[in-house]
Amino acid sequence: MNEEIAFLTVTGLAIVRALPVTVVLALTSALGASAVAVALVAAQATRVGRPLAQVWIFVFRGTPLLLQMFMVYYGLAAVGPIRHGLLWPLFRDPLFCAFAAMTCCCSAYIAEVLRAAWQAIPPGQVEAAQACGMSRWTRVRRVIAPQMLRLALPAYGNELVMLIKSTSLASTITVLDVTGVAQTLIAHSYRTLEVFCLAAAVYLGLTAGLTALLRRIERNLERGTGR
Amino acid sequence: MTEVLRARGITKSFGGRAVLRGIDLDAQAGDVVSILGGSGSGKSTFLRCLNLLELPDAGRIEIAGTTAPLDHDRKGRPRIADPRALNALRAKTAMVFQNFNLWSHMSVLDNVIAAPVHVHGQPRGEAIERAHGLLDKVGMTGFAQHWPRQLSGGQQQRVAIARALATDPDLMLFDEPTSALDPERVREVLDLMRALAAEGRTMLIVTHEMAFARDVSSRVVHVRDGVIESMGPPDAMFGAGASPAFRAFLAH
Amino acid sequence: MMDADLSPLVLLGGGPDGWGPALLAAAMLTLAVAAAAMAIGTVLGAALTAALMSRRRWLARAAATYGLILRGVPELLVVLLLYFGAPGLLASVAALMGSPAPGSPPAFLTGCLAIGLVSAAYQAEVFRGGLLAVPPGQIEAAIAAGMGPFTRLRRIIAPQVLHRVLPPLGNIWQFNLKDSALVSITGLAELMRVSLVAAGSTRRPFLFFAAAMVLYLVLTSASSALFRLVETRGQRWAGGR
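Residue numbers (the working numbering), protein chains in the order written: chain F, 608 to 834; chain Y, 19 to 270; chain P, 3 to 243.
Mixed in with the good hints, there may be bad ones.
Derived, one-sided and incomplete: chain Y residues facing chain F with beta-carbon distance under 8 Å [as the list claims (entries may be wrong)]: (1) Asn69; (2) Met113; (3) Ala133; (4) Val137; (5) Gly139; (6) Gln140; (7) His150; (8) Leu152; (9) Ser197; (10) Ser236.
Think of the hints as simulated: they come from the structure by calculation, not from any bench.
Don't be surprised by glycine CBs; every beta carbon is placed ideally from N, CA and C.
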């Protein structure tokens with residue numbers, strides 16, 4: 608019994624020590640993906656950018672993130688200009704490769720969420736802004752962006768939950784995040800169930816925390832429109 | 019008298035169907051012009067062409083001395099030549115919509131001050147002071163901090179009228195302002211529009227309220243099949259001199 | 003001859019040095035994993051929906067907890083747990099029943115089950131949403147017309163639910179297809195696994211990962227086109243919406 612408690616404590620501590628890797632990866636790729644997604648939506652409003660953005664979204668939504676990570680980490684390393692280029696120190700780092708793959712992949716999903724929100728804005732809201740002479744930029748800033756934010760938030764939150772879960776794939780390209788550490792612990796102890804349950808609890812905590820936070824923001828925004 | 023609106027030869031078709039087939043209309047400062055006609059006659063499209071929410075295929079629009087920056091691309095499709103000039107033109111007008119279109123993410127006050135502050139560059143404090151005065155005027159005192167969806171349709175439309183008045187527009191466009199209201203709410207909006215007409219606002223009103231058109235308008239315009247079938251002062255239009263087509267429309 | 007010198011056409015072709023047939027077979031296996039997972043997810047998801055909407059509080063709560071966990075934990079973790087955990091679990095079950103340890107279960111089964119367990123959690127949400135979206139008036143009208151429960155389900159509820167759940171089910175199918183790549187860690191020779199093996203043995207990772215991406219794109223876009231076709235057909239069937 609004592610041995611059991613000691614094992615769980617040691618395992619739990621090891622997993623918690625890997626938590627910063629998972630959190631940093633999730634945060635940076637959430638920021639990166641959101642920024643790229645905004646750029647993708649903006650690009651879709653231009654004639655040249657439209658097909659490029661569509662190909663980006665098609666490729667990254669249509670293939671598994673696992674494959675994308677392998678492509679960035681192992682595939683690009685075999686490409687001469689990258690192997691011998693200035694960016695090689697970055698692409699040699701598995702954590703950076705995980706960040707790059709997740710940013711590309713999640714940006715495609717988030718861009719679709721944003722586009723759907725854009726299309727869900729009632730046309731009358733934009734017409735009223737046009738009718739009083741607001742410039743394009745003022746319309747985006749004062750009417751379109753705030754309405755998009757409200758409409759996109761629930762689906763955007765879902766994408767962020769997916770993103771947190773996806774960080775576990777980084778373990779397959781040697782990143783020692785929560786899942787990576789859990790796998791190492793199992794290889795040493797063969798106590799699969801206990802270790803995985805501890806790791807699962809960590810992810811559940813992260814996703815549940817994010818869900819609760821988003822619900823709170825949503826409620827505040829709704830109160831802000833008198834619902 | 020100052021000319022506020024001069025529209026010449028406005029045509030517009032949607033997917034090969036001609037909705038407007040050459041409309042000319044002028045308005046002087048203080049005119050209240052009611053535009054009547056059956057559904058599908060093109061009266062709303064005409065109104066939306068004046069502030070270029072719809073781009074007319076051909077024609078010339080001048081509002082308070084500013085010409086609408088209309089142009090055509092190589093395929094002959096209408097386009098806007100200069101977005102800045104477009105916004106300047108629209109800033110001289112204000113529109114009141116059938117479905118109010120109050121911005122749902124802004125309070126009543128923010129709706130009213132948005133155009134003065136963000137289009138005309140008026141200092142916020144000044145705009146707020148003026149907005150409170152306008153809310154008093156439309157009978158919405160004390161609602162400044164409410165949200166659009168907390169208001170009834172009639173209240174929303176009165177706020178929308180305050181929003182339209184906030185920039186002191188040269189020309190006010192009303193697109194069926196009472197059509198989406200419950201019958202018992204129609205009067206509060208019509209009474210307010212009556213008061214605006216009495217104080218000399220220049221108004222173009224697309225409406226189905228015949229009694230209102232007769233009492234308030236300086237001119238009544240009957241649109242049928244995309245052209246002005248007849249127009250004149252209300253006494254003539256609703257009296258013995260009316261055209262047979264307008265009489266048939268009224269009887270319908 | 004060194005593999006690194008072979009042209010991409012030879013490597014991806016059908017010759018003795020070509021991986022083409024292996025990749026295509028692997029793509030078929032990917033499709034099979036996704037389809038089996040989808041089927042498991044539909045059956046289990048329907049059961050979960052029934053539990054979620056049950057009047058028995060504990061049952062509804064148990065189903066909700068299942069969904070919360072399976073939707074909140076990384077899919078990779080579920081696959082790993084089943085792959086590494088199943089032999090031990092099977093052994094202890096066998097020991098309880100007094101039979102010898104059966105060894106590890108087949109990778110295909112473990113993989114489908116893992117993806118299917120996750121899929122079920124998402125499908126249950128979709129079914130529940132579809133059922134709740136049927137206006138009560140529709141059912142009342144059916145009762146008023148004298149329809150029995152079976153006729154109601156078949157003629158009124160099912161058509162309305164079906165056209166509401168098809169688009170989100172199509173989404174889940176796409177996720178199943180992509181999640182099936184996770185099963186590669188069990189060694190099952192599906193598309194991800196075979197592209198890894200090919201990349202390793204020829205030392206041309208870029209080429210083979212790119213080829214795998216193209217094959218995944220073919221699978222995802224072909225199936226989404228198919229779903230769209232069924233949707234439009236279904237809409238016509240459900241009354242021309």
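So, going through the hints one by one against the coordinates:
Here the hint on Asn69 of chain Y is kept, as its CB sits about 6 Å from the closest CB of chain F, short of 8 Å. Checking Met113 of chain Y against chain F: minimum C-beta separation of about 4 Å stays under 8 Å; hint holds. Because the beta carbon of Ala133 of chain Y sits about 4 Å from the nearest beta carbon in chain F, less than 8 Å, this interface hint is met. The interface hint given for Val137 of chain Y holds, since its Cβ lies 5 Å from the closest Cβ of chain F, which is under the 8 Å cut-off.
At its closest, the beta carbon of Gly139 of chain Y sits 11 Å from a beta carbon of chain F; the interface hint therefore is violated under the 8 Å criterion. Residue-level restraint check for Gln140 of chain Y is violated (minimum Cβ-Cβ distance to chain F is 13 Å; threshold 8 Å). Given hint, His150 of chain Y at the interface with chain F, is violated; its Cβ is 19 Å from that chain's nearest Cβ, farther than 8 Å. With its C-beta approaching chain F no nearer than about 14 Å, Leu152 of chain Y sits outside the 8 Å limit, and its interface hint is violated.
Contact between Ser197 of chain Y and chain F, as hinted, is not supported at the beta carbon level, the nearest pair being about 14 Å apart and thus beyond 8 Å. Hint on Ser236 of chain Y is violated. Least Cβ distance to chain F is approximately 23 Å, over the 8 Å limit.
Violation of the numbered hints given earlier is confined to hints 5, 6, 7, 8, 9 and 10; the remaining hints are satisfied by the structure.
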